[in-house]
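Using the hints, position chain A against chain H.
Residue numbers (the working numbering), protein chains in the order written: chain H, 1 to 298; chain A, 1001 to 1298.
No wet-lab data here; the hints were simulated from the structure.
Be careful, since some hints might not be right.
Okay, the calculated beta carbon distance ranges per label pair [what the hints assert, rightly or not]: (1) 3(H) x 1144(A): 48 to 54 Å; (2) 206(H) x 1057(A): 51 to 57 Å; (3) 1057(A) x 266(H): 32 to 38 Å; (4) 1246(A) x 3(H): 56 to 62 Å.
Mimicking DSS-like on lysine-lysine, the simulated pairs with C-alpha atoms at most 27 Å apart in a straight line are [to be verified]: (5) 1238(A) x 295(H); (6) 1287(A) x 215(H); (7) 295(H) x 1043(A); (8) 1287(A) x 295(H); (9) 43(H) x 1287(A); (10) 287(H) x 1295(A); (11) 2(H) x 1002(A); (12) 249(H) x 1249(A); (13) 249(H) x 1002(A); (14) 1249(A) x 295(H); (15) 287(H) x 1215(A); (16) 1043(A) x 2(H); (17) 1249(A) x 287(H); (18) 1153(A) x 287(H); (19) 1137(A) x 287(H).
Partial list, computed: chain H residues near chain A (C-beta under 7 Å) [claimed, not checked]: (20) 121; (21) 234; (22) 245; (23) 247; (24) 250; (25) 254; (26) 268; (27) 283; (28) 286; (29) 291; (30) 292.
Where is the CB? At the ideal position from N, CA and C, for every residue including glycine.
Protein chains: 2
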Amino acid sequence: MKGPLVECIPNFSEGRRTEVIEAILDTLRGKEGIRLLDYSSDKDHNRTVVTLVGTPEGLLAHLPLFIGKAKELIDLRQHQGQHPRMGAVDVLPFVPLRSITMEETTELSKKVAQKLYEELNIPIFLYEEAASAPHRKNLATLRKGQFEAMAVKIKEEGFIPDYGTQLHESFGIIAVGARPFLVAFNVNLATDKLEIAESIAKNVRHISGGLRYVKGMGVALEERGQVQVSMNLTDFTKTPIHRVFELIKIEAARYGVAVIGSEIIGLVPMAAMVDTAAWYLRTEDFKEEQVLEAKLME
Amino acid sequence: MKGPLVECIPNFSEGRRTEVIEAILDTLRGKEGIRLLDYSSDKDHNRTVVTLVGTPEGLLAHLPLFIGKAKELIDLRQHQGQHPRMGAVDVLPFVPLRSITMEETTELSKKVAQKLYEELNIPIFLYEEAASAPHRKNLATLRKGQFEAMAVKIKEEGFIPDYGTQLHESFGIIAVGARPFLVAFNVNLATDKLEIAESIAKNVRHISGGLRYVKGMGVALEERGQVQVSMNLTDFTKTPIHRVFELIKIEAARYGVAVIGSEIIGLVPMAAMVDTAAWYLRTEDFKEEQVLEAKLME
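Isolated chain H (complex conformation) (with noise of 0.2 Å):
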C-alpha cells in the first residue's frame, strides 16, 4: 500500500462464539485497501479488539461492510461481558500512520461515520479528535453507563448523538473518532510492594502532575511477586517511551528499588522504537528515511 496509511482499531462486542467472530472478520479479508492485521478475543470480556491497517479509501469502502456484519449478528440486549460497551462495534477509532495528518485523519473518521449512518442507519458519538464538544471527547464519559442506560442518556442535552436521534435497538451506539497512536508501555520493578508502583504511576502520569501524554497505574504481578507501573502513552511523538522509562529508572532509585525490565503489548509504530534508539544513542541529524525498512514502504 503507497501513500497514506491510517490505523483503524475497531473493537466488537463478541469474545466467545467463534462463528461469529470469524464471519465479522471475514468481511475484511482480502479486499482491496486494508490489511487485517491482528486481533484478539477475550472471553471474559466477551469483546474482540482488531487492528487494521488501510488507506483512507480503503477504509472508507470497506468498513460498512464489517459494522453491517456486526449489526447482523450481535444482539446486545443479550451481550453480557466485564468489559463496559454501548454498541455491537463499540468504538472506532482511526490513527494517523504515515504520510496523512491529526486533521485529515480526524476528517477521515468523520466521512466513515458518515457514511455508517447513512448505509446502517445507527447513532453515532464523535470522539476524540472528531468530538463536536470538549466533554465528548472521552470515551468513558460518553460509554458511562453503558448499553443499557444508552436509549435515555442519548435524550439528555449534551449526549444528543451526532447522528441519529434514536438508539439502535439491537446494535446501540457506537463511537467514531481519531487519536494518535497508544503504545501500552507497562515497567516492572523489583518489589512486591504494590503502593511503590502506585506512587510512581501517579508521579509520572498526566492527571496528577506528571508528563502529559500517560496515562498509568499500579499494578501487582502475583505470580511473579512483582509490581508494574503499567502506561498508555497516548502520544508518543510529544511524550517519548525513553523519557517515561528515564523517569521510572529515577523515581524507583528515591526507593531503592531496581527496575527489572518493560514490556511493549502489542503493535508499536517503529518511529517509536527508532526515536528511542537515537535517543540513547545520542545520534547527530539521524533520519528516519536512513533505516532501510522506512525507504523502502516510500
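Structure of chain A alone, referenced to chain H:
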C-alpha cells in the same frame, strides 16, 4: 516486493562525469524486482556507491546490463581517484535483508558472478563469504596493487581469479561476494586530542583485542575541534550498536572525556535500531513483529 530480499551495493569507478553516472544508473531504473534506493558520487574518490534492494531473481536478471554499461563507458586506464580500485565496477557485495540466509545469499552472489563472466567476459574474484580460500576473503588483500598491478598479480598462485584468466584491458577485474549488513557508526568526543580517539578505537575494535565485529580508527574533526571514533560494525546482529556505544562511553570516561553524540552514516536496518531501543528499555520478550511496519511488510 514480497519474499526474500537482498541488498546489493555496487561501487563503480566514476564519480565525476554526471552523464556517465546517470547512463549507468539508468540501467537499474524502473525494473521489475529491483529498487534503486540511493547512490552517492564522490569527486575526489572518483567513485559512486549505489544501494540497491531486490529479489534474488530481480538482481540476477538486471545486474548484467548495469555492469555491462559500466564496462562500455568506463576505461580504468584513464581513471584517477583517491579511492583504491581494480575494476570499472570495483566491488559487488550482496547482503541478506529478509527471509534469506547468508548461505543462500552467497549462492546468489556466485550465480551472478557466473552470469557476468559468461555474458561480459570479465574476470572475477569471489570474496568475503563467497571466497574460495581464507586469504581471498578480504577485499583489501585482493585489491592491493590496484588496477595497475593486476595483470601480473592475477597470474600469481593464490590470486588466480575465480572466473577468467586475463585482466580485461579497460574494465579490470571485479570482486563479487556476500557479507552481513555493514553499519557505519561514529562516536564524537568532547576533546580535540586525536590520541584519545585513536586509543579508544584500538580498545574497541576486533583486530587489537576489542569486540568481534568492529573495525575502527580515530579521526580528527578539524572544524568542530573534536575527535571521532569512526567505525564499521560488520555484523550488528552479533555486535550490536548499543554495546559498542556503551563500551566507548566507558573508555572515554577513563580519560575524563564526554561522549558528545554519534552518527549513523547511510542506511541502517530496522532490526539494528529496534534491538538498541529494546536493550535500553530492558524489554522482556519484545519481538520485531510487534513493529507495525514489520508486520505490514510480511
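Going through the hints against the structure:
1. Judged by the Cβ atoms, the range 48 to 54 Å given for residue 3(H) and residue 1144(A) holds: they are separated by roughly 49 Å.
2. Taking 51 to 57 Å as the suggested C-beta distance range, the pair residue 206(H) and residue 1057(A) conforms, at roughly 52 Å.
3. Distance hint check for residue 1057(A) and residue 266(H): the Cβ-Cβ separation is about 35 Å, which falls inside the suggested range of 32 to 38 Å.
4. Distance hint for residue 1246(A) and residue 3(H): a CB-CB separation of about 40 Å, inconsistent with the stated range 56 to 62 Å.
5. A threshold of 27 Å between alpha carbons decides the hint, and for residue 1238(A) with residue 295(H) the separation of about 24 Å falls inside it, so the pair holds.
6. As the CA atoms of residue 1287(A) and residue 215(H) are separated by approximately 24 Å, the hinted pair is consistent with the 27 Å bound.
7. Restraint check: the Cα-Cα separation between residue 295(H) and residue 1043(A) comes to about 26 Å, which is no more than 27 Å; the hinted pair holds.
8. For a cut-off of 27 Å, the pair hint linking residue 1287(A) to residue 295(H) stands: about 21 Å separates their Cα positions.
9. A distance of roughly 25 Å separates the Cα atoms of residue 43(H) and residue 1287(A); the hinted pair therefore holds under the 27 Å criterion.
10. In summary, the hint linking residue 287(H) to residue 1295(A) is supported, as the alpha carbons are separated by about 21 Å, within the 27 Å threshold.
11. For the hint pairing residue 2(H) with residue 1002(A), the CA-to-CA distance comes to about 14 Å; that is within 27 Å, so the pair holds.
12. For the suggested pair residue 249(H) and residue 1249(A), the alpha carbons sit about 20 Å apart, so the restraint of at most 27 Å is met.
13. Note on residue 249(H) and residue 1002(A): the hinted pairing is violated, with a Cα-Cα distance of about 41 Å set against a maximum of 27 Å.
14. Between residue 1249(A) and residue 295(H), the direct Cα distance comes to roughly 31 Å. Violation of the 27 Å bound is thereby established for this hinted pair.
15. In summary, the hint linking residue 287(H) to residue 1215(A) is supported, as the alpha carbons are separated by about 24 Å, within the 27 Å threshold.
16. With a C-alpha separation of about 35 Å, the suggested pair residue 1043(A) and residue 2(H) falls outside the 27 Å cut-off, and the hint is violated.
17. As the CA atoms of residue 1249(A) and residue 287(H) are separated by approximately 23 Å, the hinted pair is consistent with the 27 Å bound.
18. Distance hint between residue 1153(A) and residue 287(H) is unfulfilled; the C-alpha atoms sit about 43 Å from each other, more than 27 Å.
19. Proposed proximity of residue 1137(A) and residue 287(H) is contradicted: the alpha carbons are some 33 Å apart, above 27 Å.
20. Given hint, residue 121(H) at the interface with chain A, is violated; its Cβ is 34 Å from that chain's nearest Cβ, farther than 7 Å.
21. Because the smallest distance between the Cβ of residue 234(H) and any Cβ of chain A comes to about 17 Å, over 7 Å, the interface hint for this residue is violated.
22. Hint status for residue 245(H): holds, given a least beta-carbon distance of 5 Å to chain A, under 7 Å.
23. For residue 247(H), the interface hint is violated, since its Cβ never comes within 7 Å of a Cβ in chain A; the closest pair sits about 13 Å apart.
24. Interface restraint check: residue 250(H) against chain A, minimum CB-CB distance 15 Å, threshold 7 Å, status violated.
25. Hint on residue 254(H) is violated. Least Cβ distance to chain A is approximately 19 Å, over the 7 Å limit.
26. Interface restraint check for residue 268(H): the shortest CB-CB distance to chain A comes to about 6 Å, inside 7 Å, so the restraint holds.
27. Because the closest C-beta pair between residue 283(H) and chain A is about 5 Å apart, less than 7 Å, the hint holds.
28. Among the interface hints, the one on residue 286(H) holds; its C-beta lies about 6 Å from the nearest C-beta in chain A, closer than the 7 Å criterion.
29. With a least beta-carbon distance of about 5 Å to chain A, the hint placing residue 291(H) at the interface is held under the 7 Å criterion.
30. Residue-level restraint check for residue 292(H) holds (minimum Cβ-Cβ distance to chain A is 5 Å; threshold 7 Å).
Hint compliance for this structure: hints 4, 13, 14, 16, 18, 19, 20, 21, 23, 24, 25 are not met, and every other hint is.
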